[in-house]
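Engineer: The primary structure of each chain is shown beneath.
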Amino acid sequence: KAGVTQTPRYLIKTRGQQVTLSCSPISGHRSVSWYQQTPGQGLQFLFEYFSETQRNKGNFPGRFSGRQFSNSRSEMNVSTLELGDSALYLCASSLLPDTQYFGPGTRLTVL
Amino acid sequence: DAKTTQPNSMESNEEEPVHLPCNHSTISGTDYIHWYRQLPSQGPEYVIHGLTSNVNNRMASLAIAEDRKSSTLILHRATLRDAAVYYCILRYPGNTPLVFGKGTRLSVIA
Numbered sequence: 001k002a003g004v005t006q007t008p009r010y011l012i013k014t015r016g017q018q019v020t021l022s023c024s025p026i027s028g029h030r031s032v033s034w035y036q037q038t039p040g041q042g043l044q045f046l047f048e049y050f051s052e053t054q055r056n057k058g059n060f061p062g063r064f065s066g067r068q069f070s071n072s073r074s075e076m077n078v079s080t081l082e083l084g085d086s087a088l089y090l091c092a093s094s095l096l097p098d099t100q101y102f103g104p105g106t107r108l109t110v111l
Numbered sequence: 112d113a114k115t116t117q118p119n120s121m122e123s124n125e126e127e128p129v130h131l132p133c134n135h136s137t138i139s140g141t142d143y144i145h146w147y148r149q150l151p152s153q154g155p156e157y158v159i160h161g162l163t164s165n166v167n168n169r170m171a172s173l174a175i176a177e178d179r180k181s182s183t184l185i186l187h188r189a190t191l192r193d194a195a196v197y198y199c200i201l202r203y204p205g206n207t208p209l210v211f212g213k214g215t216r217l218s219v220i221a
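Quick note, the sequences are listed as chains A and B, same order. Take 1 as the starting number for the first sequence in my numbering and just add one per residue. Take 112 as the starting number for the second sequence in my numbering and just add one per residue.
Honestly, I wouldn't trust all of these hints.
[Stated by the list, open to error] Below are the DSS-like pairs computed for lysine-lysine, each with C-alpha atoms no more than 25 Å apart in a straight line: (1) K180(B) x K213(B); (2) K114(B) x K180(B); (3) K213(B) x K114(B); (4) K57(A) x K180(B); (5) K114(B) x K57(A).
[To be verified] Partial selection, computed: residues in chain A whose CB lies under 8 Å from chain B: (6) A2; (7) G40; (8) E52; (9) S86; (10) F102; (11) L108.
[Stated by the list, open to error] With beta-carbon atoms standing in for the labels, derived distance ranges: (12) L191(B) x G3(A): 33 to 39 Å; (13) F69(A) x G205(B): 22 to 28 Å; (14) T141(B) x Q54(A): 21 to 27 Å; (15) G212(B) x G3(A): 23 to 29 Å; (16) P204(B) x I12(A): 38 to 44 Å; (17) N119(B) x Q54(A): 32 to 38 Å; (18) F69(A) x E122(B): 43 to 49 Å; (19) S27(A) x T190(B): 37 to 43 Å; (20) P8(A) x E177(B): 44 to 50 Å; (21) R107(A) x E122(B): 25 to 31 Å; (22) E82(A) x A221(B): 38 to 44 Å.
These are computed hints drawn from the structure, not numbers from a lab. Here a beta-carbon is modelled for each residue, glycine too, at the ideal position from N, C-alpha and C.
Isolated chain A, as found in the complex (with noise of 0.2 Å):
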């Protein structure tokens, strides 16, 4: 079975521009979490979806939204990007509420 895939891999954007990012989970697994690394605060929750719903929510500002879709890919968009966004950004798969999958990653720069 394919893990999760995450779309693109690296991207480099400028101050105020946005972006989206893409991911595919696990064949039948219904919810995706989004979480933000960074060195200095580390892996921190953003949101999660379920069933096209977003079901609980990270402290992170509006700027930062989701979406999932009826196949259950999700995107995640950050408009009026600021330096402190360059990050991993990493989504996570769950078919039950024990495990979830993470996918490698989206690395983030912004110039």
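Based on the hints, put chain B in the right spot on chain A.
Structural biologist: What follows is chain B alone, placed relative to chain A:
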């Protein structure tokens, strides 16, 4: 969220057992203890989880203290591929988010 405390780093020789400790003195009765690890340049990977009893799987064993205020992840024979950051996470049942701390960076020496 209940907090966990882990050593910043540990070192092990290859093919020797490794015991990674985690303290969680404020754990609630319903919190599960989860362990994930993150290898270099990869996303986190699930290792094991438990509630009260010790647990074993193909990757590791989890030993949980009787009062549940601490636990230990045991890698029975460390290999170079086990070098990673290991995270001990307390998680309320259900689809609650994973709250990662700083974890323990394990180095394995050949």
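Engineer: For each hint, tell me whether it holds in the structure or not.
Structural biologist: These are the hints, each one checked on the structure:
1. With a C-alpha separation of about 19 Å, the suggested pair K180(B) and K213(B) falls inside the 25 Å cut-off, and the hint holds.
2. Simply put, K114(B) and K180(B) have alpha-carbon atoms about 11 Å apart, close enough for the 25 Å limit, and the pair holds.
3. A distance of roughly 11 Å separates the Cα atoms of K213(B) and K114(B); the hinted pair therefore holds under the 25 Å criterion.
4. For the hint pairing K57(A) with K180(B), the CA-to-CA distance comes to about 28 Å; that exceeds 25 Å, so the pair is violated.
5. Annotation: proposed proximity of K114(B) to K57(A) holds, straight-line Cα distance about 20 Å (limit 25 Å).
6. For the restraint placing A2(A) at the interface with chain B, the shortest Cβ-Cβ distance is roughly 14 Å, beyond the 8 Å limit, so the hint is violated.
7. Because the closest C-beta pair between G40(A) and chain B is about 11 Å apart, greater than 8 Å, the hint is violated.
8. A hinted interface residue such as E52(A) counts as satisfied when its beta carbon comes closer than 8 Å to some beta carbon of chain B; here the least separation is about 15 Å, so the hint is violated.
9. Annotation: S86(A) was flagged as interfacial toward chain B, and the flag is violated, the nearest CB pair being 16 Å apart, outside 8 Å.
10. Restraint check, F102(A) versus chain B: the minimum CB separation of about 3 Å is within 8 Å; hint holds.
11. For L108(A), the interface hint is violated, the least distance from its beta-carbon to any beta-carbon of chain B being 15 Å, above 8 Å.
12. The hint said 33 to 39 Å for the Cβ distance between L191(B) and G3(A), and at roughly 22 Å that hint is violated.
13. Checked against the given bound of 22 to 28 Å, the beta carbons of F69(A) and G205(B), roughly 23 Å apart, stay inside it.
14. Distance hint check for T141(B) and Q54(A): the Cβ-Cβ separation is about 24 Å, which falls inside the suggested range of 21 to 27 Å.
15. Checked against the given bound of 23 to 29 Å, the beta carbons of G212(B) and G3(A), roughly 25 Å apart, stay inside it.
16. At about 41 Å, the CB distance of P204(B) to I12(A) agrees with the hint of 38 to 44 Å.
17. Taken as a hint, the range 32 to 38 Å holds for the pair N119(B) and Q54(A), whose Cβ atoms sit roughly 34 Å apart.
18. Restraint check, F69(A) to E122(B): a C-beta distance of roughly 45 Å satisfies the suggested window 43 to 49 Å.
19. Against the hinted window of 37 to 43 Å, the Cβ-Cβ separation of S27(A) and T190(B) comes to about 30 Å, which falls outside the hint.
20. Under the hint 44 to 50 Å, the C-beta atoms of P8(A) and E177(B), about 48 Å apart, fit the expected range.
21. For R107(A) and E122(B), the Cβ-Cβ distance of about 28 Å falls inside the hinted range of 25 to 31 Å, so the restraint holds.
22. A hinted range of 38 to 44 Å for the beta carbons of E82(A) and A221(B) is consistent with their spacing of about 42 Å.
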